[in-house]
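*Asks:* So you can see what is in the structure, the chains are spelled out below.
Protein chains: 2
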Amino acid sequence: MGCIVEPMHFADALTERIARTSPVCVGLDPQLGKLPADLPKDCDGVKVFCMGIIDAVSDVASCVKPQLAYFEILGWEGMKVFWEVCAYAKGKDLVVIADGKRNDIGSTCEAYADAYLYEGSPVDALTVSPYLGSDGITPFIQRCTENEKGIYIIVKTSNKSSGELQDLPVGDEVVHEHLAQLVESWGMHHIGPKTNLSCVGAVVGATYPEELKYLRTLMPHIPFLIPGYGAQGGTAEDTKWGFLPDGTGAIVNASRSIIYASEGKDWKEAAGKAAEGMAKELTKILEND
Amino acid sequence: MGCIVEPMHFADALTERIARTSPVCVGLDPQLGKLPADLPKDCDGVKVFCMGIIDAVSDVASCVKPQLAYFEILGWEGMKVFWEVCAYAKGKDLVVIADGKRNDIGSTCEAYADAYLYEGSPVDALTVSPYLGSDGITPFIQRCTENEKGIYIIVKTSNKSSGELQDLPVGDEVVHEHLAQLVESWGMHHIGPKTNLSCVGAVVGATYPEELKYLRTLMPHIPFLIPGYGAQGGTAEDTKWGFLPDGTGAIVNASRSIIYASEGKDWKEAAGKAAEGMAKELTKILEND
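Chains S and G are the protein sequences, given in the same order. Read in order, the letters of the first sequence correspond to residues 1 to 289 in the working numbering. Read in order, the letters of the second sequence correspond to residues 1 to 289 in the working numbering.
Derived by calculation from the structure, the hints in this document are not laboratory data. Be aware that a few hints might be false.
Copies of the same chain look alike in the list, so a pair counts if it fits in one copy or across any two.
As the list claims (entries may be wrong) - Calculated pairs, DMTMM-like style, for lysine to aspartate or glutamate (alpha carbon to alpha carbon, straight line, at most 20 Å):
#1 K92 to E6
#2 K80 to D44
#3 K280 to E6
#4 K41 to E110
#5 K90 to E263
#6 K160 to E110
#7 K273 to E263
#8 K41 to D114
#9 K47 to E77
#10 K160 to D135
#11 K90 to E148
#12 K80 to D42
#13 K80 to D114
#14 K268 to D93
#15 K34 to E110
Isolated chain S, as found in the complex:
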């Protein structure tokens, strides 16, 4: 007997998955030079590595975030692995966020949307860059609403030089605060019926907790993807400002601190333990609130 699963709004499905697991998002950044010693340093090695990490974290993480750059660097063969890895993660009930920071306008933007957010795609959401304005966002949102997918718009990133453009003063605010209000306006009309959260998300780094706190107030309907935890220096405490008062509305990404938790033969177990440890830390922080 078949089972027909009704497609669910991205934010609702994500929130349900988080409730069953944790807000942990595991970044899949498979660098050839960092693969475990027992794996070949090629596409096959990347595939085995990513699938091994997925197996190790799928009980405790809500999402995986494959980083497209590490697949593109392997040529078209790498892109084949990217799609195989996404399908594998999807089969393990993980929410799959393709980190591509794609951006363009008009029909080109539609092509990117169709490339990743088509009906039935193993990719649930795509990260996108905002510099081109709403012409570069609207076509993505259209596909999100049609196919129950999501996007995460880069608002305030975790890197040191993020302020060079993102923190420029614009009147009484700064560029990323202005963008945050645009993101809220783009997203607020595409809310999940269960969660009051949009299919339009925002990337806001954990390394700037004050900004994170303020941006949460500017974007009450926007799910956050918070990078910068772990290797980049952000703590669980730093990330808590990105969550809503009820503890929903955000996922926290860690890549290197989980996937490269051990260089030895125990790399899978170590990744699973690292994800579990992170999940416990986040749960503790959210419960204390």
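Once you've looked at the hints, dock chain G against the given chain S.
*Replies:* Only chain G this time, still in chain S's reference frame:
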């Protein structure tokens, strides 16, 4: 007897190619629904189409700009075609600019740089988005200097909503003017010995000629890639402000008005004629100055 060609600085090689042909850059945006009737609507059709366009324009255009979105939409098989098309264009002595608007930070940015701008890559330059600041630019510049490649940073785009972020007022200037000065500062130390132009370029749309004129003064060492000509409404007259006084320093992109010049069986000839017509228009404008 073999012939060893010394690698040449990106801007010098580009300028030399323009001198032998024209500042015309042909955008390869192969949409399945728009392919000529005699071609299959699949990867094979895209390959034949792009190669046919390349054959038709290679005597008159200096560059082709394959748009990655239209290859990514075809899955990994499309990426295979992308690389084949780039290699084919390179073999015809065209300068190949991959339009991917890639952007990320640190080792991920390095991965994008290595994916497209590796030594011996058929891709000569890559478009990149600037929202992450210098952390997202420096790794690209490093590969450019090592491998004689180029990047074009999105500064002021040709679309209607480009002003939403790019024109926000920052003190006495606007965001894209501030960025332009950053781009000049990033690029001015990586100048070609023959041209005084950098391997760091800028994308500045033809549809805002006043801005184009002012941005030329802010970025004297930066080669411009000027989109928006043709179907988007920019004229040859509009683009002239992007050139330096000696008529160098810019390429002008047209996509739809060239590659879809005819829907009939004469699509190759029509594309060749459209590119030739555009080259003549640009030459006339530059000679009149």
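*Asks:* Looking back at the numbered hints, which does the structure fail to meet, lowest number first?
*Replies:* 3, 5
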